[in-house]
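**Student:** Given next are the chains, with one letter for each unit.
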Amino acid sequence: MAEKGIKSFFGPDYREVEVGKIITLCDDEPLLLASGAEISSFPVAYQTYGNLNRDKNNAILVCHGLTGDQYAAQKHPVTGKPGWWKQIIGKGKALDTEKYFIICTNVLGGCMGTLGPKDINPETKKPYNLDFPVITVSDMVNVQKLLVEKLEIDKLLCVIGGSMGGMQVLQWATAYPESIYSAVPIACAARHTAQNIAFHEIGRQAIMADPNWCGGSYINEKKFPSGGLSVARMTAHVTYLSESALHRKFGRELQDRSKISFGFDADFQIESYLRYQGITFVERFDPNSYLYITRAMDYFDLTSEHSSLDNAFKNTKASFCIVSFSSDWLFPTQEAKQIVRALAGTGSDISFVEIETDKGHDAFLLDEPEFYRTVAGFIKKVAKKAGL
Amino acid sequence: MSLRKDQEVITELIEPGIKVIDIGCGSGELLAALEENKGVTGHGLEIASEKVSTALASGISAIQGDGDTDLQYYPDKSFDYAILGQTLQIMRHPKMVLQDALRIAKKVIVVIPNFGHFKNRIYLATRGRMPVTSKLSYQWYETPNIHFCTIKDFIVLAEEIGCKIEKKLYMDGKGKTRPFSGNGSLHANLFGDFGIFVLSKD
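Those protein sequences? They're chains A and C, same order as listed.
Counting in the numbering used here, the first sequence runs from 1 upward without gaps.
Counting in the numbering used here, the second sequence runs from 1 upward without gaps.
If you're looking for bench data, these hints aren't it; they were derived computationally from the structure.
There could be a bad hint or two in this list.
Said to hold, decoys possible - Here are a few chain A residues that face chain C, going by a calculated C-beta distance under 7 Å:
1) 347
2) 354
3) 356
4) 381
To be verified - Within a straight-line C-alpha distance of at most 27 Å, the following computed BS3-like cross-link-like pairs (lysine-lysine) qualify:
5) 19/C <-> 337/A
6) 317/A <-> 77/C
7) 145/A <-> 118/A
8) 385/A <-> 51/C
9) 385/A <-> 38/C
10) 19/C <-> 314/A
11) 77/C <-> 314/A
12) 145/A <-> 384/A
13) 19/C <-> 380/A
14) 106/C <-> 385/A
15) 106/C <-> 314/A
16) 38/C <-> 380/A
17) 77/C <-> 385/A
18) 77/C <-> 337/A
19) 384/A <-> 38/C
20) 385/A <-> 19/C
21) 380/A <-> 51/C
22) 106/C <-> 337/A
23) 95/C <-> 337/A
24) 19/C <-> 384/A
25) 51/C <-> 317/A
26) 106/C <-> 317/A
27) 164/C <-> 95/C
28) 155/A <-> 93/A
29) 119/C <-> 174/C
30) 337/A <-> 51/C
31) 86/A <-> 145/A
32) 384/A <-> 51/C
33) 317/A <-> 19/C
Here a beta-carbon is modelled for each residue, glycine too, at the ideal position from N, C-alpha and C.
All chains should be modelled from the sequences, with the hints used to inform the complete structure.
**Tutor:** Shown next, in the form of structure tokens:
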């Protein structure tokens with residue numbers, strides 16, 4: 001198995017950073033994408049935590065959201081920040097690394113080592129940019145399945161993830177029902193709604209309206225659409241919060257001043273906060289990756305793919321634990337309930353809870369003890385059922 | 001976790017290894033006991049978020065949902081038993097809930113607090129006010145029990161729905177479970193704190 005550390009570049013300065021463990025997939029046979037395009041001999045970056053047991057039945061696949069990556073439970077090589085799900089992965093935590101083997105891959109189309117639009121197109125010897133094929137959530141999951149097979153794991157104990165990660169979980173459950181014991185889709189939906197697509201479109205338009213985007217070829221020009229990407233992030237970030245959380249954290253408090261300036265500086269703390277979110281995001285994320293991954297989410301719709309949601313889940317035998325958050329307006333509880341209803345009809349073992357919180361969609365990444373103990377109890381139950 | 005007296009009776013009524021839905025399962029105490037002692041496959045439905053997460057944290061399968069509206073999503077006879085343990089009287093549509101329970105499960109166990117107990121009758125007759133007793137401890141304006149009935153009322157409903165009453169028991173003031181005496185329900189309806197029924201409908 002080929003594993004090597006490779007370097008990638010980040011931000012307007014094109015800073016080079018090593019992105020960890022990489023495996024090359026599809027050397028012999030290309031992978032057919034939903035769009036009809038094919039990819040072969042492509043890199044997939046992933047990280048693992050804990051050890052795979054002899055029976056290879058203690059593996060849990062963690063799926064990341066839109067701008068997450070494989071650094072789920074360790075220091076991020078670009079930002080230096082702790083893993084995005086450190087609260088849930090680790091010794092004695094809900095995803096206990098003493099018991100389970102945790103795998104997290106960077107999604108197809110991403111910018112942390114897995115094949116994405118900033119990589120070199122072997123045909124042109126230049127970055128793919130917009131020649132990169134449009135990818136879907138099912139393509140992402142097919143790549144994960146290939147990696148899991150390479151690791152010689154027949155059946156995952158669990159697939160778990162929030163937001164776009166939750167979509168991947170649902171895709172696993174419908175496309176590979178025999179390959180998972182359990183599924184934990186969190187803060188997600190079986191399809192992207194018109195409102196979700198609308199916000200993504202605003203983000204994409206912001207990136208594409210930046211002259212430094214150069215029709216997608218900024219790498220060739222050594223430029224970077226920082227402004228556009230930053231606005232995309234600021235817009236998206238608001239959708240991850242809730243009105244009451246914004247009020248609680250910022251209210252109308254002013255930023256480093258005692259009165260308003262009668263100008264367009266960041267008078268308010270919320271403005272300063274959002275600008276900071278935008279600036280730091282630009283340092284770690286690729287603008288074209290943002291376009292491709294948001295598109296993949298927009299295209300996600302299990303209902304139309306399987307003619308009905310009941311039909312989508314008809315072969316599933318997995319145990320499900322569906323979690324939503326009361327103040328999440330991006331993926332509201334109502335969407336989770338659609339999944340619950342469809343699954344109830346299949347007679348599957350299902351659990352569902354709406355966690356009370358004012359933290360909005362981002363709650364799955366934040367300190368929510370009730371959420372952690374729910375997941376911990378569920379994982380323990382399925383581990384017992386799987387004979388661990 | 002300790003069980004209520006009526007839940008202990010339910011545990012005795014249920015055969016080992018079967019599939020059970022507890023409608024209004026709370027934090028899953030009864031299901032946990034049934035899974036441990038009877039090896040049943042349990043599933044709970046509960047409206048309160050924190051109770052559902054407590055159930056899930058202890059390894060019980062449960063769905064946060066409303067018995068009044070969410071039973072319709074379960075296929076016919078998808079459970080061996082449905083349990084309505086002191087929950088029917090808090091539903092908005094008890095008749096519909098009972099019908100749905102009879103549809104999704106082969107047998108239904110119902111426990112109802114008995115408003116027809118002689119102490120309640122005396123309370124109402126002598127004081128002219130809604131009974132507030134140790135068993136029915138709420139004032140009328142704060143009680144979650146929005147649909148009170150007597151043991152006799154429940155039997156009338158069961159007949160109206162056309163289901164078969166397989167077992168009928170009542171629990172007296174000392175927490176002792178007894179079969180109905182004679183053919184009628186007079187005795188049970190006077191001395192039962194709770195009525196306990198096993199119902200079925202093809």
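**Student:** All the hints need checking, so say for each whether the structure fits it.
**Tutor:** Status of each hint after checking the structure:
| no. | hint | verdict |
| --- | --- | --- |
| 1 | 347 | 5 Å, holds |
| 2 | 354 | 6 Å, holds |
| 3 | 356 | 5 Å, holds |
| 4 | 381 | 4 Å, holds |
| 5 | 19/C <-> 337/A | 23 Å, holds |
| 6 | 317/A <-> 77/C | 18 Å, holds |
| 7 | 145/A <-> 118/A | 23 Å, holds |
| 8 | 385/A <-> 51/C | 23 Å, holds |
| 9 | 385/A <-> 38/C | 16 Å, holds |
| 10 | 19/C <-> 314/A | 20 Å, holds |
| 11 | 77/C <-> 314/A | 18 Å, holds |
| 12 | 145/A <-> 384/A | 24 Å, holds |
| 13 | 19/C <-> 380/A | 21 Å, holds |
| 14 | 106/C <-> 385/A | 26 Å, holds |
| 15 | 106/C <-> 314/A | 23 Å, holds |
| 16 | 38/C <-> 380/A | 20 Å, holds |
| 17 | 77/C <-> 385/A | 24 Å, holds |
| 18 | 77/C <-> 337/A | 22 Å, holds |
| 19 | 384/A <-> 38/C | 17 Å, holds |
| 20 | 385/A <-> 19/C | 16 Å, holds |
| 21 | 380/A <-> 51/C | 18 Å, holds |
| 22 | 106/C <-> 337/A | 26 Å, holds |
| 23 | 95/C <-> 337/A | 24 Å, holds |
| 24 | 19/C <-> 384/A | 18 Å, holds |
| 25 | 51/C <-> 317/A | 26 Å, holds |
| 26 | 106/C <-> 317/A | 22 Å, holds |
| 27 | 164/C <-> 95/C | 15 Å, holds |
| 28 | 155/A <-> 93/A | 22 Å, holds |
| 29 | 119/C <-> 174/C | 14 Å, holds |
| 30 | 337/A <-> 51/C | 18 Å, holds |
| 31 | 86/A <-> 145/A | 24 Å, holds |
| 32 | 384/A <-> 51/C | 22 Å, holds |
| 33 | 317/A <-> 19/C | 16 Å, holds |
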